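Protein sequences, first through last, are from chains A and R.
The C-terminal position of the first sequence is numbered 387 in the working numbering, with every residue numbered one higher than the one before it.
The C-terminal position of the second sequence is numbered 387 in the working numbering, with every residue numbered one higher than the one before it.
The hints are simulated quantities; they were obtained by calculation from the structure and are not laboratory data.
Misleading hints may appear alongside valid ones.
One copy or any two copies: either way a pair holds, since identical chains are not told apart in the list.
Stated by the list, open to error - Derived pair list, reagent style BS3-like, types lysine-lysine, alpha-carbon separation capped at 25 Å:
| id | residue 1 | residue 2 |
| --- | --- | --- |
| 1 | Lys340 | Lys355 |
| 2 | Lys236 | Lys355 |
| 3 | Lys17 | Lys132 |
| 4 | Lys12 | Lys175 |
| 5 | Lys17 | Lys40 |
| 6 | Lys132 | Lys12 |
| 7 | Lys61 | Lys367 |
| 8 | Lys297 | Lys322 |
| 9 | Lys236 | Lys367 |
| 10 | Lys12 | Lys62 |
| 11 | Lys163 | Lys40 |
| 12 | Lys132 | Lys175 |
| 13 | Lys355 | Lys306 |
| 14 | Lys355 | Lys297 |
This structure is a prediction, so every number in the text was calculated from the model and none was measured.
2 protein chains.
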Amino acid sequence: MLFDFEYHNPTKIYFGKTALSNLESELNGFGKNVLLMYGKNSVKKTGLYDEIVQILDKCGKKVVELAGINSNPRYSQVLQGCKLVRDNDVDLILAVGGGSVVDCAKAISVSAYAHGDPWQRYWIDYEDVDNKIVPVGSVLTMAGTASEMNGGSVITNEDQVIKNGRVYGPEVYPKFSILNPEYTFTVPQHQMVSGVFDIFSHLLEQYFSGDDDNVTDYLIEGVLKALISSAKVAVKNPLDYQARSNIMWCATLGLNTITGLSKEQDWEVHMIEHQLGAYTDCPHGLGLAVISVPYYKYICKYGLDKFVRFATNVWGICADGKDKNQIALEGIDALADFIKEMGIPTTLRELGATKEMLPLIAKSSVKGGGYKFMDENDILFVLEQCF
Amino acid sequence: MLFDFEYHNPTKIYFGKTALSNLESELNGFGKNVLLMYGKNSVKKTGLYDEIVQILDKCGKKVVELAGINSNPRYSQVLQGCKLVRDNDVDLILAVGGGSVVDCAKAISVSAYAHGDPWQRYWIDYEDVDNKIVPVGSVLTMAGTASEMNGGSVITNEDQVIKNGRVYGPEVYPKFSILNPEYTFTVPQHQMVSGVFDIFSHLLEQYFSGDDDNVTDYLIEGVLKALISSAKVAVKNPLDYQARSNIMWCATLGLNTITGLSKEQDWEVHMIEHQLGAYTDCPHGLGLAVISVPYYKYICKYGLDKFVRFATNVWGICADGKDKNQIALEGIDALADFIKEMGIPTTLRELGATKEMLPLIAKSSVKGGGYKFMDENDILFVLEQCF
Chain A
1 MLFDFEYHNP TKIYFGKTAL SNLESELNGF GKNVLLMYGK NSVKKTGLYD
51 EIVQILDKCG KKVVELAGIN SNPRYSQVLQ GCKLVRDNDV DLILAVGGGS
101 VVDCAKAISV SAYAHGDPWQ RYWIDYEDVD NKIVPVGSVL TMAGTASEMN
151 GGSVITNEDQ VIKNGRVYGP EVYPKFSILN PEYTFTVPQH QMVSGVFDIF
201 SHLLEQYFSG DDDNVTDYLI EGVLKALISS AKVAVKNPLD YQARSNIMWC
251 ATLGLNTITG LSKEQDWEVH MIEHQLGAYT DCPHGLGLAV ISVPYYKYIC
301 KYGLDKFVRF ATNVWGICAD GKDKNQIALE GIDALADFIK EMGIPTTLRE
351 LGATKEMLPL IAKSSVKGGG YKFMDENDIL FVLEQCF
Chain R
1 MLFDFEYHNP TKIYFGKTAL SNLESELNGF GKNVLLMYGK NSVKKTGLYD
51 EIVQILDKCG KKVVELAGIN SNPRYSQVLQ GCKLVRDNDV DLILAVGGGS
101 VVDCAKAISV SAYAHGDPWQ RYWIDYEDVD NKIVPVGSVL TMAGTASEMN
151 GGSVITNEDQ VIKNGRVYGP EVYPKFSILN PEYTFTVPQH QMVSGVFDIF
201 SHLLEQYFSG DDDNVTDYLI EGVLKALISS AKVAVKNPLD YQARSNIMWC
251 ATLGLNTITG LSKEQDWEVH MIEHQLGAYT DCPHGLGLAV ISVPYYKYIC
301 KYGLDKFVRF ATNVWGICAD GKDKNQIALE GIDALADFIK EMGIPTTLRE
351 LGATKEMLPL IAKSSVKGGG YKFMDENDIL FVLEQCF
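Bound-form chain A, shown alone (with noise of 0.2 Å):
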């Protein structure tokens, strides 16, 4: 059933090939004074950068940089890029890489004309914004995030150690977003392969919730599906165009709120895999693909019609003869089969954990679920069983 919903998602895509040649009627649009963010050298090395000046350059802007923005962009640099927007009265942040420099941009964009302190108010505190919000734009180097096209803004405080997301609203989601498939062709296999079980991920998060009868599910089934697919295509022939542009595109529905609604969702294995990253500081996708498997086999039996739907509609398991049970699992082995074809490990100990750690991220991992409420106890259990 589809409960109340608002649903209003104002970034404009332009993607494939050519999507680049837009920027410049894009930025005509906005006035003289960019901001231009991103990561370490990856964007200067393939000449992107270079494309991207020459077009500023041609649009007549007055461009500041903010360079090395971190995987998980750290608050400190946020506040740099505070300081550039109001000390050169700029019009337009440029984000030009994966989702952590789209994240940043977006933290930027709310923050420099906050009334107080904004990491108190916008990212502890969930305030609304109340002042100014500097227009964000994105030319995406990475798949996986969706942060292109939602108010995602995952943001680490070093001071304070403590990483916090915070969705904003659509008026802080980019204004538009460039989208090359091309431009992932440079990400190294094990990232991109990251990246893919990032996806997943999302939208299983999504989809492991309610028994209902929901458009949504119907509509996360065929992203998983379409997914699955370029991915097994992809993870032999990276440079399958067919096969990552439609990763790029899963990517941005699998969490651009349209695969999101009406649904409770679950998000447990995020806030499991949050805190293995902190101890372990391994890549997010991996850590969400070893979790994933034991965490769905423990709480199966939860949610068992869900699962059943999803061995037969996602994974085409024949359902002939068999106890439901029998089914669901089998969905979950062709979970985990997938996971193997993509390369990724399956256990915690080749992600760098040690035994000493499971009770720990145990103990740190905020509480929840979808089908069933995993406590301390149930998560710690979940965790000895990929260890």
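Once you've looked at the hints, dock chain R against the given chain A.
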């Protein structure tokens, strides 16, 4: 493969039983003068008209009305609306009704301040809109056209005896649309099933083209499965909220452009039905249903793999031990069974067509197609199959 596309859909959707409670805050975002548009008497009978007028009053709006919009909105009504907009300096056009009222509202929106003859410029010459666009909002009472979240505007010019559709850009999309599935409860059963097949056909027209692996095809399959599941419930119990809410959201997703991205698309069934409708005035969705089965049987050999996919992924046809042709035909048979289950006629005769009309319909239909270019003889053959 996802070829280059642009996606931008800024319409804000309020969905659910309490959706109308958002009208007040939306109205407050626009100026004082409102043009309230609706169809015949149904919005007055259901009490929705009174509710909306009360909210408009509460917001202190000065309201002018344009009532009696036809199911095929006429250009003379557009011109009437344009005069009301200009004479009253209208700040917002509020369309209450089905797709035709929203289509008509969009037509007034672009035409009120047009330089020159809007019909010629916008519906015949397809020129870009270069004048002030009056914002539109909608309160939807029927599921089908997705006009609530797209730029479509089909208008009949009764003087020139031409019915023309135009798809405008996002600047013409409704700024907000209020979708309460309960408003669709009073739609008569034959209109409900006509709407269901209209949605179904939108999805099939987008689906049946291309032989690539493309996220959009998986999305369409998801929406089709959701629609089939809920239509089967709604046809037996039209007051089932879950089913009607799913149908309403499937309608929006079915033509808000997201299920058409990177698809070449077909639309020949719509082209033929357009002329069938001109001769018989039959309900659009019923005409589409009757034509679809022989049409797809006729073209399926030209896109055989896609029809095999349709059979297995949408209808769950078991492929074991069958050749492709057999699987494809079983899929189309499943579609035919679904149409029967909806209580939809299966012959043109039942829709009021005569044998003499068939060559005239074939001759006047716009020629085109997805997997096969349909010429006059092809179309006549299809029409004879379902006479």
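The hints, checked one at a time:
For a Cα distance limit of 25 Å, the shortest separation of lysine 340 from lysine 355 inside one copy, 23 Å, qualifies, whereas the shortest one across copies, 61 Å, does not. Taking the shortest alpha-carbon separations for lysine 236 and lysine 355, neither the intra-copy value of 34 Å nor the inter-copy value of 57 Å comes in at or below 25 Å. For the identical chains of this complex, lysine 17 and lysine 132 are neighbours neither inside a copy (34 Å) nor across copies (34 Å), given an alpha-carbon limit of 25 Å. Taking the closest pair of Cα atoms, lysine 12 and lysine 175 come within 25 Å of each other both inside a single copy (6 Å) and across two copies (15 Å).
Only within a single protomer do lysine 17 and lysine 40 lie at most 25 Å apart by alpha-carbon distance; the minimum there is 23 Å, versus 49 Å between protomers. Taking CA atoms no more than 25 Å apart as the test, lysine 132 paired with lysine 12 passes in both settings, with 21 Å inside one copy and 21 Å between copies. Taking CA atoms no more than 25 Å apart as the test, lysine 61 paired with lysine 367 passes in neither setting, with 48 Å inside one copy and 49 Å between copies. In this assembly of identical chains, the alpha carbons of lysine 297 and lysine 322 lie at most 25 Å apart only when taken from the same copy (17 Å versus 35 Å across copies).
In this assembly of identical chains, lysine 236 and lysine 367 lie within 25 Å of each other by CA distance neither inside one copy nor across copies; the values are 37 Å within and 42 Å between. When the C-alpha separation of lysine 12 and lysine 62 is checked against a cutoff of 25 Å, the pair qualifies only within one copy, where the shortest distance is 24 Å, while the shortest distance between copies is 34 Å. Taking CA atoms no more than 25 Å apart as the test, lysine 163 paired with lysine 40 passes inside one copy only; the shortest distance there is 21 Å, against 56 Å between copies. For a Cα distance limit of 25 Å, the shortest separation of lysine 132 from lysine 175 qualifies both inside one copy, at 15 Å, and across copies, at 22 Å.
In this assembly of identical chains, the alpha carbons of lysine 355 and lysine 306 never lie at most 25 Å apart, being 32 Å within a copy and 51 Å across copies at closest. Proximity of lysine 355 to lysine 297 under the C-alpha cut-off of 25 Å is restricted to the intra-copy arrangement: shortest distance 21 Å within a copy versus 62 Å between copies.
The structure fails hints 2, 3, 7, 9 and 13 (numbered hints given earlier, in ascending order).
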